[in-house]
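Trainee: Dock chains B and C against the given chain A, drawing on the hints supplied.
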Amino acid sequence: MSTPPTPLSPDTLPDNDNVPGNHYAYCVRLDGRLFMQTGRMIAYYPGPGGQPIRFEPLSSASIGGMVATRFSAPLYTRDWVVATGAGHLILGDRGYDINSYDLDDGNLTLRASNLLAFDETLELKQSIVPGFLTLIGTGKFLASSSGPVIFAEPPIRVDPQALVGWADCPSPSHHYDATWMTGFLHSAMGFLGSNSGEERQFDFTGAGTVLLQSSESGVHDPHLLRQLESQIGGLGTPGLQHLQGVIAQQLARER
Amino acid sequence: MGFTEINHKVVAADVAPGREVLARRGAMLAYTGAVGFAPVHAGQGGLGGMAGRMMSGEQVPMMVAQGTGTVYYGHRGLHVTVVELDGSGPLTVEADRLVAHDAHLQSAVVFLGSQGGLRGAVRGAVSGQGLFTTQLHGVGAAAVLSHGGTIALDVRPGVTTTVDPQAFVAHVGQVTADISLNASWRDAVGRGSGEAVQLKLTGHGTVFVQASEQKI
Amino acid sequence: MQPFRLHGTRILEVDLRGGSVRAATGSMIAYDGDVTFKNAGMGGGDGLRAALKRRATGESIALMQCSGTGVVRFAKDAMEVLLVELAGDTLRAESERLLALSDGLSTDVAFAGLRGASSGQGLFTTTVSGHGVAALLSAGGPPIALEVSPQYPLVVDPDAFIASQGQLNQTFVTDVSWRTLVGEGSGEAFSLRFDGKGVVYIQPEER
Numbered sequence: 001m002s003t004p005p006t007p008l009s010p011d012t013l014p015d016n017d018n019v020p021g022n023h024y025a026y027c028v029r030l031d032g033r034l035f036m037q038t039g040r041m042i043a044y045y046p047g048p049g050g051q052p053i054r055f056e057p058l059s060s061a062s063i064g065g066m067v068a069t070r071f072s073a074p075l076y077t078r079d080w081v082v083a084t085g086a087g088h089l090i091l092g093d094r095g096y097d098i099n100s101y102d103l104d105d106g107n108l109t110l111r112a113s114n115l116l117a118f119d120e121t122l123e124l125k126q127s128i129v130p131g132f133l134t135l136i137g138t139g140k141f142l143a144s145s146s147g148p149v150i151f152a153e154p155p156i157r158v159d160p161q162a163l164v165g166w167a168d169c170p171s172p173s174h175h176y177d178a179t180w181m182t183g184f185l186h187s188a189m190g191f192l193g194s195n196s197g198e199e200r201q202f203d204f205t206g207a208g209t210v211l212l213q214s215s216e217s218g219v220h221d222p223h224l225l226r227q228l229e230s231q232i233g234g235l236g237t238p239g240l241q242h243l244q245g246v247i248a249q250q251l252a253r254e255r
Numbered sequence: 001m002g003f004t005e006i007n008h009k010v011v012a013a014d015v016a017p018g019r020e021v022l023a024r025r026g027a028m029l030a031y032t033g034a035v036g037f038a039p040v041h042a043g044q045g046g047l048g049g050m051a052g053r054m055m056s057g058e059q060v061p062m063m064v065a066q067g068t069g070t071v072y073y074g075h076r077g078l079h080v081t082v083v084e085l086d087g088s089g090p091l092t093v094e095a096d097r098l099v100a101h102d103a104h105l106q107s108a109v110v111f112l113g114s115q116g117g118l119r120g121a122v123r124g125a126v127s128g129q130g131l132f133t134t135q136l137h138g139v140g141a142a143a144v145l146s147h148g149g150t151i152a153l154d155v156r157p158g159v160t161t162t163v164d165p166q167a168f169v170a171h172v173g174q175v176t177a178d179i180s181l182n183a184s185w186r187d188a189v190g191r192g193s194g195e196a197v198q199l200k201l202t203g204h205g206t207v208f209v210q211a212s213e214q215k216i
Numbered sequence: 001m002q003p004f005r006l007h008g009t010r011i012l013e014v015d016l017r018g019g020s021v022r023a024a025t026g027s028m029i030a031y032d033g034d035v036t037f038k039n040a041g042m043g044g045g046d047g048l049r050a051a052l053k054r055r056a057t058g059e060s061i062a063l064m065q066c067s068g069t070g071v072v073r074f075a076k077d078a079m080e081v082l083l084v085e086l087a088g089d090t091l092r093a094e095s096e097r098l099l100a101l102s103d104g105l106s107t108d109v110a111f112a113g114l115r116g117a118s119s120g121q122g123l124f125t126t127t128v129s130g131h132g133v134a135a136l137l138s139a140g141g142p143p144i145a146l147e148v149s150p151q152y153p154l155v156v157d158p159d160a161f162i163a164s165q166g167q168l169n170q171t172f173v174t175d176v177s178w179r180t181l182v183g184e185g186s187g188e189a190f191s192l193r194f195d196g197k198g199v200v201y202i203q204p205e206e207r
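Chains as they are written, first to last, in the working numbering: chain A, 1 to 255; chain B, 1 to 216; chain C, 1 to 207.
Extracted from the complex, chain A is given alone in its bound form:
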């Protein structure tokens, strides 16, 4: 019979690395402060001497000044906490693979739901691309991906659902597949399945790195929803009425 995993303790857990033999869990050796996305911690050892680790909302007064200079992504404030203290934290994220990355005076943009934690030395901003966040500066961060992350170089075209992020290259533009569109125009099936992702991709050009994953298992993305929500304020009454019609149509189709 196969033996169960060897029990780990703060003496044997890795400092800032994946739990041995486990791509899906990561052990952070907390010593100071760390930005963490909510709902991603599965266990922790409170530090020695019974000094508890504190998890504070970004609105907390004691960390307010630091947050104001590091975190400028107002749509995401509620999804993040700051952990303060010393001890071992174990993170997991939906069974996704977790990796740590070093950013050295650079910038990298990630799908918001795939960013788990980052050093307070890094700065976080909302990306122009809805549902994505940009990290700037020098420091470590943790990100997850459905399956091991795949690194690719531009030129490449990516299904938005399969995109984890990108670094050092220009923001993507939309690419519409001419063959695909023509195929539909000539077909009797018309609109059926026209949202499969093949008709529209993110087009990456220039020099840099693109991070890919197998597409997300659920299409529900609370971050994307919030970002869209935040933009409807600028539409005005005619725009809102039009949008209402579009949504009603889409709902009817899905039913």
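Straight-line distance between alpha carbons at most 16 angstroms, and here's what the computed EDC-like set of lysine to aspartate or glutamate pairs gives:
1) 200/B x 34/C
2) 140/A x 15/A
3) 140/A x 123/A
4) 215/B x 77/C
5) 140/A x 105/A
6) 215/B x 96/B
7) 140/A x 31/A
8) 200/B x 32/C
9) 200/B x 178/B
Stretches of chain A that chain B covers, calculated by requiring three or more beta carbons in the stretch to come under 8 angstroms of a beta carbon on chain B:
10) 139-148
11) 151-160
Treat the hints as calculated values from the structure; they're not laboratory data.
Each residue gets a CB set at the ideal place from its N, CA and C atoms; glycine is no exception.
Mentor: Here is chains B and C on its own, set in the frame of chain A:
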């Protein structure tokens, strides 16, 4: 040639003139090079014998990748298994589990009644997988979806391998899949009615089973 | 005792040589040979007392008895399988994370504590005891075993908890800090704290 497993959830296919790839719509993750995609419809015969699919219910929208380049395929974070066909026997798989395959493989919708008689037809009905299943013939490769990956169990003369239809993914070779009723089976597979059946596999080949009873 | 072994990381294989094994109902995915399956009954085959307790506490369990000669394979929702050996001691487990039990093991229900000091709502857990091997399930990846000692108490997200073994004192902690950490999702508003000496098994995925 064929498919490269990039990791357990993603495969890459090299596409070239004469080496087109058929895939389930929505399964393209990314591509490099000059590749175009076109939806494949019923009635657009020639490409893999799609005709009749609409009527059979074994209908998963497909698309063809053509041109020159590399295409990455995957689907909703499910595991992907590449099955090589050496021509000695067909691959039998439910259409929604087939994520991509060489376009030159002959694809056919098989009415299970013609394979296992009336009992074969019942199998499709009770497993909820339809009365029809997809068969791929020829030499080439296909990529198949599962929850958590598959294990390959040998099917050989003299041994009957019995599988929960919900965990069944595909079989390849000269294999006959037959339904059988087991009085005790209902307890074993659980979840109420309509599942008191099991798949008995005989012949010579391989059956792929997933560690789950979830559908795609 | 039947040899329990893993095929890969997600499938449990059991060689039956005329004996029997209890497994979660619906978890059989394939078998060779001559094997029969029957419902182990209301209390999971551990008698009327266990059955009544399960009904009263809502800590349900559905097991089937598999007997005969052959190789049976068990799996559930593509979760990873963890084998834990018991030598007369007791394992406290999340009942949904039980895959199979070798004979020689029995299950019961135990009081696990109160959910928060004020609500008074009782929480119950399934216990497995005896001599043998228990096969447990871990969602989202391989299970992680964490040691608890007087020097190192441990706090666990209840959504990631699989089982615990040893002389452990388990408490439910409700504090502002934890609630902040769970966020607005559907996670539990309390954490599980373990003191004493033993091992806690957790999974990488929050339920």
